[in-house]
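As they're listed, the protein sequences go chains A and B. Just so we're aligned: the first sequence equals residues 1456 to 2284 in this note's numbering. Just so we're aligned: the second sequence equals residues 39 to 335 in this note's numbering.
Source of the hints: derived by calculation from the structure; they are not laboratory data. Ideal Cβ positions, reconstructed from N, Cα and C, are used throughout, including at glycine. Wrong hints could be hidden among the right ones.
[As the list claims (entries may be wrong)] With a straight-line cut-off of 30 Å between C-alpha atoms, the simulated DSSO-like cross-links for lysine-lysine are: (1) A:Lys2065 / A:Lys1620; (2) B:Lys215 / A:Lys1460; (3) B:Lys152 / A:Lys1460; (4) B:Lys163 / B:Lys215; (5) A:Lys1683 / A:Lys2065; (6) A:Lys2123 / A:Lys2134; (7) B:Lys156 / A:Lys1460; (8) B:Lys225 / B:Lys156; (9) B:Lys152 / B:Lys225.
[To be verified] Reference listing, derived: stretches of chain A covered by chain B, where coverage requires no fewer than 3 residues with Cβ under 8 Å from a Cβ of chain B: (10) 1552-1563; (11) 1736-1748; (12) 1832-1838.
[To be verified] Take a look, some chain B residues computed to stay more than 10 Å from chain A by CB distance: (13) Thr52; (14) Leu56; (15) His60; (16) Ser68; (17) Thr108; (18) Met110; (19) Thr117; (20) Arg119; (21) His131; (22) Pro134; (23) Gln149; (24) Cys194; (25) Lys215; (26) Arg254.
What follows is each chain in one-letter form.
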Amino acid sequence: MQALKMLLRTWRGGQLGLIVWSLVLAVSVVTSVSLLAERIERALTAESSAFLAADLVVRSNKPTPQAWITEAGLQGVETSQMVSFASMVYHQSDMHLASIKAVQSNYPLRGLIKRSTTPFTFDESLIEAVNYGPAPGETWVDARLLPLLNIELGDNIELGDTILKVTQIIVEEPDGGSYSFFGARVLMNWGDVAAAGIVQPGSRVTYKYLMASGADQNAFTGYSDWLKDQLSIHDRLITPDEAQASIASTMDRGRRFLLLAGSIGVVLAGIALALASHHFAAGQTQQVALLKSWGIPASRVRSLYLQQSLWLGVGGSLVGLSVGYGFSELLISIVREWLPIALPNAGIRPWITGMATGLLCLGGFTLPALWHLPAQPPLAVLRQDIQVAPVSSAIRGAFGIAAVAGLLLWYSNSVYLSLAILAGFALTALATVIIGLAMLRLGKNYGQRLGSIWRLALNNLWRRRSQSLIQMVGFSGAIALLMIMVVVRTSLIDEWRFQLAEDAPNHFLVNVAPYELDGVRDLVNAQNLETAGWYAMVRGRMTAINGQPITEAQKDSHESFRRELNLSWTAELPDGNKITEGQWWGEVDSATTIAPVSLEDEIAEELGLKLGDRITFSVGGLIFESEVVNTRTLNWDNMTPNFYFLFPEGLLEEYPRTSMTSLYIPPKQKLLVNDLLRKYPTVQVIELDKIIDRIRTIVSQVTRGLEIMTLLILSCGVLVMFAAVSLSMSERLQESAILRTLGSSRRLILGIQLVEFSTLGIMAGLLAAIGAEAAVVMLQYFMFDLPLALHPWIWVTGPIAGGVLVGALGVGYSRKAVVQPPLEVLKSL
Amino acid sequence: MIEVSNISKQVSTTEGTLNILHEINLSLASGESLAIVGPSGSGKSTLLGILAGLDLPTAGSVSLNGEDITAMDEEGRATVRAGHVGFVFQSFHLLPGLTALENVALPLELQGDKDALKTAAYYLKRVGLEHRTTHYPRQLSGGEQQRVAVARAFACRPTILFADEPTGNLDTGTGEKINDLLFDLNKEEGTTLVLVTHEHNLAARCGQRLVLAAGRQVDQTAPKKKAVVKKTVAKRAAVKKASVKKTVIPKAKVKAKTRAKPKTVAKAKAKPKATPKPKAAPKPTAAPKSKAQGSKR
């Protein structure tokens, strides 16, 4: 209890402020980000499940075996079945090739269906969310179907041999992207399928078997594992992450950024803690000498400081946990709008992570700084020149790095992220020590030619070079870490904005015949809409690989072997495509008998194809051979047409072809789709507007969350700078007070401080750019899948920001030397 | 009480070995007072540090209450300090984050005294600061801070009090008051007092005087005659007895008092052997340069 008493008194005396705030900030940053990331992770899993309308789905061209359903029942797993197919629907003389989905009564297992009785409405008050599908005899339809068939709600439509009453308009389905076909959507009851008589053996239908976990998650996991062994080549297991790769990718990037921000925050707070501890320890030497002069043995002194550290660690961590919780609630309140369900609880892991962060920070940063204190000789009470040397900087640095590395790895669970941050910081620190010393010397030499303020200031920096270097490491480390975060955040947001610009394409028009092309173009132009360009393609089928005909087994193994593929041609490598193997083609002789072909790298892997393999294609009955000359990656997020198979120009143009494009159709002009389909019924329209809107909403909310995290991390950076500034402050104040007693003006004294700190800040900013650039390159490539780019602007803004921030902090802190009477300043020191 | 035998202190510097002290001898009985005087750099504080067990001599020995502290390790010396020694410093050495009461109580709390605050309050009242107990050092004048330091030193009931230029940072008037306080409390508590000072009149108030010049013992005032000593001792005992009846003394102090009671007066030791110029030596101590300023020694 004596230790606690001493700690509280020290806190009351104001000596612990910086240490406590650094500790609280470190713990609160880690806790808030962990809580947020954990809850978002759980919500994302639930959201992803909503995209599947289940926790797990098996897609097949065969009906679901009864054995699976029976086993699920035994394991307490909830199941549902659905089937999708294309079929004509009729109303009197009007007809339309619709996309039909028949579902059981317990669909969806996850998520909700939004429906309305008002077509084309965006008014939320007219939209209802339900967790069941249409009843037998009823159907819910896409609003587009009403003008296509000239019907209204309450009218009947014919589907096969059955008649269904249109009772609701589908606004949104949880698995809205799951339609395999491209007509207007029609949702019907599973029980009406038999009566319709449409699904016959050999019909082209897609069955889906939906599963959802009950109360027992372990049972669900066990059932999933059992099911995987039952799957045949006709079946494909779909997990929530695969269901909506775009959203998962967006959220994953957002989550990684949160982790990055949190990691940087922890490192910054750790640096602040290290600096504050160093400063605190320097002020404790006299107290320790006094205690020892009273006969307190070194062992008891060590015990007292260890106990105080423990109390500090636990107390600071508890406060940090509370602050972190409050902050996470603030962040969650911002992002809550896009989460359709209540956020689940985070579990215990974030709390443990927060508490461990506090204790680890203390062990790695504070204890090494205090370790030497018990060895302080008692004679120091009589001779202040006697001071025990602190633990060497190298050892303290090693402890600090170990603590940071451990924290980063545990917290982020990412080796790349940890390495990138450590590398960035280490490079910055190294550059500071090596180049920084040279800069200080240069400054001192050059300063001789300048006016008195500059001369004195630059001389001071050189004179106090050890301290100046420590401060520079603190400043440059903080600036580097902040720059890393700002650059990555800006890149992420720019990338999202580019992909999801307000007018980013949200519809694809496919299968436009050559004789329809002009008419479709005119229809689009008449609406003042622009396309992303027209891409021609032919439909072809693989018939042989390396001279061997495609086998039934191969056809069963991958749908690309059994169906027609879209083959296109281009002279240049398309935007967003990147060669991974092989070379792009130059001029190709149109008389060549073996056409070069470029494959998308994932499909090449799935099909077992590599460079040099020969593929025989059949296009409209005409056979030609091709050779794989390169593979490439695609950018699926830019909403422009992409092709798995590309050929050079001049080889396929004579084959029967169609064209496709993508364009942005505003909600108010949505009926263009109806006009298009009415005039050109063979044109296929792929609607992505709903999913893009959803992604855009999520991204905007996530962006707001990231902005707030950025502010929090910036405050950590300011804390580090403040700690670094305070290191030399008592000596500076003393000097300034003495200068004032000798008659120096305020202008001179403040001018010296301004030049000293600004110069340190500018140097630190420049050095920070080195480490930041290196770290950002690593992060962009390994963590965020962002295009690699250098950032010249940080080489300018870094020094400017450093000079301004550090200069302002330093002058602000040292103002009291010119405001208060010198004697008061000296007495207070 | 304090027996010093031929202590010397040398330190290694870049310019060779520096003799800070050379064969110092002294003997101080319990309850006596000793002033160590000399010009700046003569080794006064070094000697004080060695006597207090804060430092070790290069040669010679020091005994406190019959215990040879120079033969002990730092833990052992710490134990002796905890039991017997108190300090008053020139720069007060108050902890800025503690109130006056807490500063006085701290050493007692660290020794496990449950009545630490009560004892501290008593001594603060004794030094006339009963209305300033909740004030921090920055709110106190220099004289008040030194009074707190004096209270802190005596609160631990030391048998030996070491004071290093106790009025060095104070003006003359304040310094005199502190000196009076120091000697009054010293008399009441029966503490052996060793102080380092530049001040001639302060040194004159002490029973013995040791003059240092360039690390050598130049002069030591002879102890008072036996009869006078006996009378002084008897008078002191009477004063102490009276003070015990009058004042409220917390329990812990009773024990300490019993322990500290000296039985006999130690005799003065023989003078140092080689003093070729006892009289002809200049009297640097007779002309202190300035009273209040300077902390160089």
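Check each numbered hint against the structure and report the violated ones by number, ascending.
Numbers 1, 2, 10, 19, 20, 21, 22, 23 and 24 - these are the hints that the structure violates, sorted from lowest upward.
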